[in-house]
Amino acid sequence: MGVIRNLFHVSLQAREWDKALTFYRDVLGFEQMFELKVGQFKDMLQMGEHNEDDDNHWLTYLRVAPDEYIEMFNAVINPPEFKTEPLGCHEDTVLESFALGCENLEKTVEGLKDRGIEITDGYIVDPSGVKIRIVERSGHASVKERLFTSLAGISLYVNDLDIMTNHLKAMCFELKDKTSDRALFTVGEFGQYVELIQAGEQVKVYDDDLLGHFALRIYKVTDTVKAWGANGVHCCPQPFMKEVKVPSDDTAKGNVGLDGCEIIWMVCPEGNKIEVMVEPGNTMQQEYERTHVY
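Per the numbering used here, the sequence shown starts with residue 1, numbered consecutively.
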């Protein structure tokens, strides 16, 4: 058994919540699974005064396929103020694109055109400016016709390709191909990918960027942290606690989030945040999957 099960979700921060939700739910056809409000975020962190902002959107999950999701945040809402802050416009962002997989590329392209979506060189763009690559790959069987049937992968710009390549190798990603300017890894059981692209100019990870993070689903926290620790890389309890190492032994455990997942975090050498998740059997995602046939 490997360490990583799959690329679990891509976390995006929406500039305009309503437009982004309409795009992913109503145009691309992804089901909105559940939504959490700002007040619930305060309760999770056990901080912040409850007020009229508590009913504001905080995040929602959209199902691309079983166990493959888009996690969408309402711009930037951080403690202690818990106010919605506009996203920055950063040209030196690390996100190149993420990819959605379809069973038939030609049919999907025609379906997107019918819905008024412009396709340029194999990419579409969401209302916040996130580039989405369209790739043809076998996905999950569904009882209904869908434009997309998998979360295929994610591509990131990096400043030092060798350092970041070695870091992902230490995390047990499988390196499939590497050139002087790119490294391609497969992730988990289903052939998803993470692509690193050598940046031509310096890039930086921002808190107020379009990409919040991406998430991996793993089999077990203890097995994962021991494997990664043996390779010289360590998780932390939260991304803002990167100096606190989760012990690489059988005492390791994650934090339980509002959705019921057990969570730890990896912060990469260039600051990229990777959420590392285990579903213990009673998560909000699993409850939705049980009650809504894909």
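Hints may be right or wrong, so weigh each one.
To be verified - Here are the computed lysine to aspartate or glutamate pairs in the EDC-like style, where the Cα-Cα straight-line distance is at most 20 Å:
#1 Lys242 to Glu262
#2 Lys131 to Glu49
#3 Lys131 to Glu110
#4 Lys37 to Glu49
#5 Lys220 to Glu174
Derived from the structure by calculation, the hints contain no laboratory data.
In rising order, the numbers of the hints this structure does not comply with: The structure breaks only hint 2.
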